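In case you want the letters, here they are:
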Amino acid sequence: MAKESSAMDKLSESPIEFIREGSQFLSKCKKPDVKEYTKIIRAVGIGFVAVGAIGYAIKLVHIPIRYLIV
Amino acid sequence: MAGFRLIDLAKPLQSILPEIELPYENIPFDDKLIYTFVSALVYILCQFPLASISKEHIDVKDPIFFLRNVFASETKTLMEFGLFPLISSSLILQLMAGLRLIDINFKIKSDRQLFQTLTKFLAIVQYIILANIFIFAGYYGSNLSPGQILNLNIQLIGSGIFTTLLCEIVDKGYGFVSGIMTINTVVIATTLVSDALAFNQIAISDSDDTITEAQGAIINLIQSLRASHRTLMGNIVSVFSRDYLPNLSSVLLCILVGVAVAYLHNIRIELPIRSTRARGMNNMYPVRLLNIGCLSILFSYVILFFIHIIAFVFIQLIAKNDPSHIICKIIGHYEVVNNYLYVPTFPLSLLTPPRSIQSMIFKQPLTIIVFPLFLATTGVWFASKWQAISGSSAKDIANDFKEQGITLTGRREQNIAKELEKTIPTASTTGAAVLALTTAVGEFLGLKGQAAGMVVGVCGAFAILEFVTLEYQQSGGQSMLAQVLGGAASAFQ
Chain Y
1 MAKESSAMDK LSESPIEFIR EGSQFLSKCK KPDVKEYTKI IRAVGIGFVA
51 VGAIGYAIKL VHIPIRYLIV
Chain E
1 MAGFRLIDLA KPLQSILPEI ELPYENIPFD DKLIYTFVSA LVYILCQFPL
51 ASISKEHIDV KDPIFFLRNV FASETKTLME FGLFPLISSS LILQLMAGLR
101 LIDINFKIKS DRQLFQTLTK FLAIVQYIIL ANIFIFAGYY GSNLSPGQIL
151 NLNIQLIGSG IFTTLLCEIV DKGYGFVSGI MTINTVVIAT TLVSDALAFN
201 QIAISDSDDT ITEAQGAIIN LIQSLRASHR TLMGNIVSVF SRDYLPNLSS
251 VLLCILVGVA VAYLHNIRIE LPIRSTRARG MNNMYPVRLL NIGCLSILFS
301 YVILFFIHII AFVFIQLIAK NDPSHIICKI IGHYEVVNNY LYVPTFPLSL
351 LTPPRSIQSM IFKQPLTIIV FPLFLATTGV WFASKWQAIS GSSAKDIAND
401 FKEQGITLTG RREQNIAKEL EKTIPTASTT GAAVLALTTA VGEFLGLKGQ
451 AAGMVVGVCG AFAILEFVTL EYQQSGGQSM LAQVLGGAAS AFQ
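Taken in sequence, the protein lines are chains Y and E.
With the UniProt record's numbering, the residue at position 39 of the first sequence is 39, and numbering never jumps.
With the UniProt record's numbering, the residue at position 95 of the second sequence is 95, and numbering never jumps.
Isolated chain Y (complex conformation):
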């Protein structure tokens, strides 16, 4: 707990320090390579569109119902 509250103090004292630390951290990070990235995008994209399409199909049911009750 002490550690993160000191991190918080640092943030309120000097945002510049926070940004420097953050960008240092970012440069150390491993970024996904193109092959991995396209794979991820494809997987999530397919999932997103599939789920969204099912959701939209259900929303279509609303159109006649709204027509009936309004």
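Please keep in mind that the hints were generated in silico from the structure rather than gathered at the bench.
Straight-line Cα separation of at most 20 Å, EDC-like style, residue types lysine to aspartate or glutamate; simulated pairs:
| id | chain 1 | residue 1 | chain 2 | residue 2 |
| --- | --- | --- | --- | --- |
| 1 | E | Lys320 | E | Glu335 |
| 2 | Y | Lys30 | E | Glu421 |
| 3 | Y | Lys30 | E | Glu419 |
| 4 | E | Lys385 | Y | Glu17 |
| 5 | E | Lys402 | E | Glu270 |
| 6 | Y | Lys35 | E | Glu270 |
| 7 | E | Lys422 | Y | Glu17 |
| 8 | Y | Lys31 | E | Glu466 |
| 9 | Y | Lys31 | E | Glu270 |
| 10 | Y | Lys59 | E | Glu74 |
| 11 | Y | Lys30 | E | Glu270 |
| 12 | Y | Lys28 | E | Glu421 |
| 13 | E | Lys385 | Y | Glu21 |
| 14 | E | Lys418 | Y | Glu21 |
| 15 | Y | Lys39 | E | Glu466 |
| 16 | Y | Lys28 | E | Glu419 |
Only a predicted model underlies this, so the values are computations on that prediction, with no experimental measurement involved.
Chain Y is already provided as a structure; the job is to place chain E on it using the hints.
Only chain E this time, still in chain Y's reference frame:
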């Protein structure tokens, strides 16, 4: 106060509030998948228009339009407030418990149950308060009869309790991850797909019913090539810029935000680990940049929601949105835009994402600084607290390592926690800041809350996908559905 604990307040409520029973036995993988997605789909089905709204012209417009996407809410339907009360009560209470503001011991079963009841109760109370704020502010019409008020209350609160239970089904082990997250993700995915590909036709002109346009932007693009009520050029411009229905530029921007978040989600730092029990077992332990996911953004938006609701109470309920009233002079008033939005003026506009780039530069230039700053500070503050209490803090991971006989390569066992403490808080706070900036940039391009929605949706999708894959591997691959979904799951691994 000695001996008094906030969660004890929930004791008498336990017998009143409806509750989902825990499953008797382990739910198989397929059933869990079905429970999860069907409860999200039931939620979508419940977005029915509210009955007994005044038929006359209503002056009060939507003051929280830019927050709706994040909380899966639909205006003037049963899901008017969406998941907001659930998200805010569980986030705030868990944060308070983690910061020891509520005295609770999560190791005791009865304490955990009380905590759940308290969370649920707080959510329902919020539904009640919000419903009545909206009713008495005149959002559903200015002179409602008592019967109408009662009817609206029953609808809004009833659907709120229903939503709470719907989430609880998933949470209590019938489904994957958390109910809030899955419902939110599915609703956001639905919004994106219907914005892009919806083919239902909507009449766009008040005078002539025959002039219709497709709701989805991509379908509209195809149709506009042969539409006759404008010139071809005018049609194409309208496809990209219409503001009465989703336009193509905002759909493309949404996809762009989603792709960017997917990139951020896969940035990680890899710590080399090795087993203390077996020789030559070297591996990498990834610490994600976004290790608290979209929670920091959700937290910022919960605060934004509270600010805007309180402002709405003051401006609409007390000052009647009269620009000459003293309250409106201090915190600003609402201007009606496009006949369906309430856009606040300065100073409240500082915390409102602009509707378009032009209006941002000319009407609210200060927002460019204040809004991202707000998102970043609240997000980073939340991240710095949350990572310590969420069960994936440096200490917890160090304990896990010890139990599994893992150590960081080149470190003494005692130093593992210290080394992790150097990495994990930095990762959480930096991740929260980066996510806040991404959201702010998206919002500035005029997405009206869809950017934040996409951030939450994509992060949620990753969490669900990861959890499902893990569960699938643990269940030993005995799943009929997996053969259908196997493509997506294996592509992710």
